[in-house]
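So the sequences go chain by chain: A and Y.
Per full-length UniProt numbering: the first sequence = residues 1 to 589.
Per full-length UniProt numbering: the second sequence = residues 1 to 354.
Source of the hints: derived by calculation from the structure; they are not laboratory data.
Partial selection, computed: residues in chain A whose CB lies under 8 Å from chain Y:
#, residue
1, 156
2, 157
3, 232
4, 233
5, 235
6, 236
7, 251
8, 252
9, 253
10, 283
11, 284
12, 285
13, 288
14, 291
Derived pair list, reagent style DSS-like, types lysine-lysine, alpha-carbon separation capped at 25 Å:
#, chain 1, residue 1, chain 2, residue 2
15, A, 144, A, 191
16, A, 514, A, 471
17, A, 471, A, 422
18, A, 191, A, 228
19, A, 106, A, 207
20, A, 56, A, 247
21, Y, 53, A, 468
22, A, 471, Y, 53
23, Y, 132, A, 247
24, A, 106, A, 264
25, A, 191, A, 173
26, A, 233, Y, 132
Just so it is clear, CB atoms sit at the ideal spot from N, CA and C, and this is done for glycine as well.
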Amino acid sequence: MPTGFPKRRLAAGAALVVAALVSTTACGGGDDDNDGKDKGAGYNAALNKVVNASAKKGGTLRFVGKQDFDSLDPQRTYYGMTWDFMRFFTRTLVTYDTKPGAASNKLVGDLATGPAQVSADGKTYTYKLRDGLTWEDGSKLTSKDIKYGIERIWATDVITGGPAYIKQTLDPKGEYKGPYKDKSKDKLGLKAIQTPDDQTIVFKLPKPNGDFEQFLAMPTGAPVKADKDTGAKYTQHPFSSGPYKVKSYNAGKSLALVRNTAWKKASDPIRPALPDQITVTISANLEENDKKLMEGDYDVDVNGTGMTQSGRITAVQDHRADVDNIQTSFVRYVALVHAAKPLDNVHCRKAVFYATDFAGLQQTRGGAIAGGDIANSVFPKSIPGYSDYDPYGILARKGKADIAKAKDELKQCGKPGGFSTKITARTNNPSEVDTAEALQAQLAKAGIKIEVDSIDGAQSSSITGSPKVVKERGYGMTMSGWGPDFPTGQGYAQPLFDSRFIFDNGNYNESQIKDKKIDGIFDDAIATTDKAKAKSLYEQMNKQLIDNADWMPFIYEKNISWRGPRLTNVYSSAAYNGRYDYVSLGVAK
Amino acid sequence: MARAAAGGSHKEAPAAAGPRTVLAYLIRRLFAVLIMVLVVLLATFTVFYMLPKWAGQDIAVLFAGKATGAEQIEGIRTKLGLDQPVLVQFWDFVKGIPLGRDYANGADVTHCPAPCFGYSFVTEKPVWDTLKEAMPVTGALAAGAAILWLVAGVATGVVSALRRGSLWDRAAMVGALGGVSLPVFFTGMVAMGIFVHNLGWIHIEDGLNTDDSIGVWFETLLLPWIVLALLNAAMYARLTRATMLDVLGEDYIRTARAKGLGERAVITRHALRSAMTPILTVFGLDLGALLGGAVLTESTFNLPGLGLAAVQAISSHDLPVILGVTLFAALAIAVANLLVDLLYAVIDPRVRLG
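Working from the sequences, and respecting the hints, build out all of it.
Okay, here's the thing in structure tokens:
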């Protein structure tokens, strides 16, 4: 699972904006006419509840975004926004519930009638399919199509980019070579998946994994019709199993979806399928996109990474009722590299915790609203494992530093005068370098001198992701951000803290935590299908990581999102990182 | 000084040029362009294929475009021929341009038809398709802006030179300085703020398409033309003014006046014609560079041209597209330069092709 993805997803959202260099508040006053007669549903109206609930069909739902989808091929996509959007034309056995807030984290049956029947040993998952499932050409969608779609993950030389969870769980040794090299007649040679009949599919796991259904809810678990499979080019025209189908796709420019008339509502309790058409426009200038959203040319930012600085100022001032301050599942952190002396010593690491002015870092990132809340746990609030455990009194001091305690810890570390090291910050991530420089000034007050080394975020997997490079360059800290692939402890934390996930390249256990106890907690939590037990194990893990000052989270990220006033059925979905649940949206007028 | 720079690229020969010498000249220059493009290709290839290797990075990872597992990276290595020696890879790439190319990896064969400038594994399209779609936009942007800035810039420069020291001259030169100093993403945003958002006079179509009508193209490109022209016109005005002042002090201008030619003829037929040589040189380079993609203008106005394609390719780590745009830009500059050299003969009677 060393996917390296969450950072890329971040990088995608935070891609370089030439125009953002200029603050254009000066010319942002074009909406004077709207002052005072804004009929928005209210500030934060789409958090934990549905705005403009409606079953009215028709109209065109218009998305805009700077970043295009990574791939429309279900087995190749790894961007959170694509996963959210893909439900328009892609169905999976189970999917996240179409409910606001944390309720969305519940898995419900989509192609399947409900969640799996799991055998007592946790190794066999059986699903029954719903009646009336169809492809866009009207043909019947069967369990074999689902098996074939999932098998494509094994064709690693053709189907690149998507997560490999299912493959690693079902066939850890990689014995199957994928459908393109499959010698069997129906290309369904993977033994771990069985399709006794068209309505039944059975998964045989070599060992239990309590998160297995989460893997199937990702687009990688989606069906593909074998005779419509165009291999690597499938992204250009994916064959629809949902209520919409691709009318035209021009990568980097636009996507248009129209109704899939073969889809039967009776077979799909998840998707209201309200708009008649859905368009996505990819447009390079973020500031312009914000203006067009506010002027009503578009309804939603498909990237869901929040408005620009100038955009959010105008939005909050003039259209407060059309804005949500969304809590994402991203955590901003500083990894304290255990391999770099003196950070191998727990007291020196604790000194960093005490010397950091979290409130100052929060300010640098845009304050509590645009930046986010001060973090105290390694887990974001939406992941079971989060707790209010705060041994360093960070929240109690409202984020302020405690220099006296920091100096005390430094003494115990044998470095009473402090120490020197280097920190990395990624240049393609807005305000990360600024934040690292703020930290530099804060730590200096306790005698900890850090040198900020700006790195290219696009190359980070071979810089901060390479323990060798980290050692050669003398990095003691790395600053970055992290979000979950799926909302469990495993989906969020394993690449960060499990010693078996330390790789030569693409390593995200940047602290290089080698703790058998942590590894053991992962094994126990993954093996259990008891959610309460897993939660308490991850809480235990959080306590241990924080006590050891292994990894320092500092912000739970938030953003300001535009909620187009003509949207209906709008709500923020925790399962999609706080984004609006695209598949539920409709438009008024 | 400006003329000396231009003089380097042509020869002065006493003999009159016959059709044969022109043809020979053309062939020689075309050959030179070909060599230059090959050199650029080699340099670009070195940057993309050798430098990462020397820096200890795995090129297959860079070309993969997305996070991938070890097996996937090996697949890409085979498919792109990255396991071959660099010279073989270079030859394969060059050969692909006239002949097309197959990227094969076991079961999966991807055909890239001629002219194959590489294949993008992010969009799953031949790079040529991306270039082809982007060219009309960049071409229209460059042509419109170039006409505007050439006419406006040269006219302003000539008038300034003739009325040296006047209020007009001062105002024009201050304006020109402003134009040169203000970056496109600033003037572009301000222009859009005023004309698109505040006044609502202009609608800019997101993602200009070949299906869109000429009217849509014109309306969408109007502001970009002006903004881009403003930036360049300023420089041309200053250049024209300086060269004109230079030329107006020459003996032959005095001679022309002494033999009783009208002022208009002196300025247009004698002075301006001579002053055009350095301007044309710069114009050729500028136009060529612009045809390779106006990165800032295209990003600001969301015009899907070569510049925007390059920016998108960079943000999605789509190296083959970056390579393709770079190559195309080099080609555009080389060809524009060639055209300029041919035009010298028309403008400057002292120049003979030989």
